[in-house]
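J.: Spelled out from the first residue to the last, the chains are:
Protein chains: 2
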Amino acid sequence: MSSDIQAEMPPSSLAKAIQFGPFTVTSQVFYKTPLSFCLVNLKPLLPGHILVCPLRRVQHIDQLSAHEVTDLFSTVQLASRTLKRVYNASACNIAIQDGEAAGQSVPHVHAHLIPRSDGDMDAQGGGDKIYEQLEGDEGDVGKHQREEEGVRKGKFPKVEDDKRKPRSMEEMEKEARWLAEEIQKDAQKFSNESSL
Amino acid sequence: MSSDIQAEMPPSSLAKAIQFGPFTVTSQVFYKTPLSFCLVNLKPLLPGHILVCPLRRVQHIDQLSAHEVTDLFSTVQLASRTLKRVYNASACNIAIQDGEAAGQSVPHVHAHLIPRSDGDMDAQGGGDKIYEQLEGDEGDVGKHQREEEGVRKGKFPKVEDDKRKPRSMEEMEKEARWLAEEIQKDAQKFSNESSL
Numbered sequence: 001m002s003s004d005i006q007a008e009m010p011p012s013s014l015a016k017a018i019q020f021g022p023f024t025v026t027s028q029v030f031y032k033t034p035l036s037f038c039l040v041n042l043k044p045l046l047p048g049h050i051l052v053c054p055l056r057r058v059q060h061i062d063q064l065s066a067h068e069v070t071d072l073f074s075t076v077q078l079a080s081r082t083l084k085r086v087y088n089a090s091a092c093n094i095a096i097q098d099g100e101a102a103g104q105s106v107p108h109v110h111a112h113l114i115p116r117s118d119g120d121m122d123a124q125g126g127g128d129k130i131y132e133q134l135e136g137d138e139g140d141v142g143k144h145q146r147e148e149e150g151v152r153k154g155k156f157p158k159v160e161d162d163k164r165k166p167r168s169m170e171e172m173e174k175e176a177r178w179l180a181e182e183i184q185k186d187a188q189k190f191s192n193e194s195s196l
Numbered sequence: 001m002s003s004d005i006q007a008e009m010p011p012s013s014l015a016k017a018i019q020f021g022p023f024t025v026t027s028q029v030f031y032k033t034p035l036s037f038c039l040v041n042l043k044p045l046l047p048g049h050i051l052v053c054p055l056r057r058v059q060h061i062d063q064l065s066a067h068e069v070t071d072l073f074s075t076v077q078l079a080s081r082t083l084k085r086v087y088n089a090s091a092c093n094i095a096i097q098d099g100e101a102a103g104q105s106v107p108h109v110h111a112h113l114i115p116r117s118d119g120d121m122d123a124q125g126g127g128d129k130i131y132e133q134l135e136g137d138e139g140d141v142g143k144h145q146r147e148e149e150g151v152r153k154g155k156f157p158k159v160e161d162d163k164r165k166p167r168s169m170e171e172m173e174k175e176a177r178w179l180a181e182e183i184q185k186d187a188q189k190f191s192n193e194s195s196l
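Taken in sequence, the protein lines are chains A and B.
The letter at position 167 of the first sequence is residue 167 when you use full-length UniProt numbering, and the numbering goes up by one with no holes.
The letter at position 112 of the second sequence is residue 112 when you use full-length UniProt numbering, and the numbering goes up by one with no holes.
I should point out that these hints are in silico values taken from the structure, not numbers from a laboratory.
For every residue, glycine included, the Cβ atom is placed at its ideal position computed from N, Cα and C.
Where hints are given, some of them may not hold.
On the chain A side, residues computed to face chain B include the following (Cβ under 8 Å) [stated by the list, open to error]:
id, residue
1, Ile18
2, Val58
3, Thr70
4, Gly99
5, Glu182
Could you build all of it, start to finish, from the sequences and the hints given here?
T.: As structure tokens, then:
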């Protein structure tokens, strides 16, 4: 019983509900700053594919204040460090679709971060496929979240013919708790280095 | 005579040579801050495709200082505003290939900015093709710069079978001067708004 309750709790310090566009994603969140947050994905394109967003829901980067931009991208920097470390990756794709015509599916600024290693996309047709997927159905985080809400509300049973299954809440929360611990290590280390 | 000299001069205030990886790109630069700069592309994937870089040559975002990250992304924000305005675009793709395994071709942090409008990629096969091109030969800014250096030095005559021709220095400098004027308007406006 207590483990059930535990599984539904967001990582500590994330008690307040967090919105990504119209979606409540609190239990997917693994890091939160005064102005930004990081969340794990329902259907990552590769392991470690996460999103970094400003807490305030605006569609375009040019609607963010100077403080929000600084906070958002220092969080992107920190998260790229953690992803590369914990996924043993040598590189990271960072992509922002700023507006619908650029492929944005949720009208809330979000940076995709995808840790990359040599040959990691060979099975899917090569490295450039990551972007094709990001733009296509596979990367449509809005569609995935809508499906997830449907599943949770029992309204829109998800029917899909591709092989990737949306992950369970439990799986996402487990990853969120793990990344929450790991990113804290880097945040602490970085903060120590900066104050030297 | 004076117009020839004029055509070879970088936009004012950019007298000092600016390096993008191993390449001198001074005359392609249209905006410079204390820690960052914006440059036009030799072979833009779409009109308005530009790069934003830190002045210091490091390969990865996590090698940048907090000040450099703040300066870089406030410049990305400003440039996205200018590109959308002057290209009458509703959106913008922002992409960073942080490391070779992510498709980075020049080991110097750079954000690709590509203004986007509905249907702008229809002739090339749809919106997701922009990323395929970014990852492929078309988006290889290192290859393009190497070819340009070859052309300038008369060493490696460029042979290419695709239809896109690298632009002339004159064309790039003309665009750089135009964008230099336009981004100053937004920088001024933004600065006024921030100080209200």
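J.: None of the hints should be skipped; say for each whether it holds.
T.: Checked hints:
1. The criterion of a C-beta within 8 Å of any C-beta in chain B is not met by isoleucine 18 of chain A, whose closest approach is roughly 22 Å, and the hint is violated.
2. Evaluation of the valine 58 of chain A hint against chain B yields a violated restraint, the C-beta minimum of about 12 Å exceeding 8 Å.
3. Nearest Cβ of chain B to the Cβ of threonine 70 of chain A: about 5 Å, under the 8 Å cut. The hint holds.
4. Checking glycine 99 of chain A against chain B: minimum C-beta separation of about 3 Å stays under 8 Å; hint holds.
5. With a cut of 8 Å, the hint placing glutamate 182 of chain A at the interface with chain B is violated, because the nearest CB-to-CB distance is about 14 Å.
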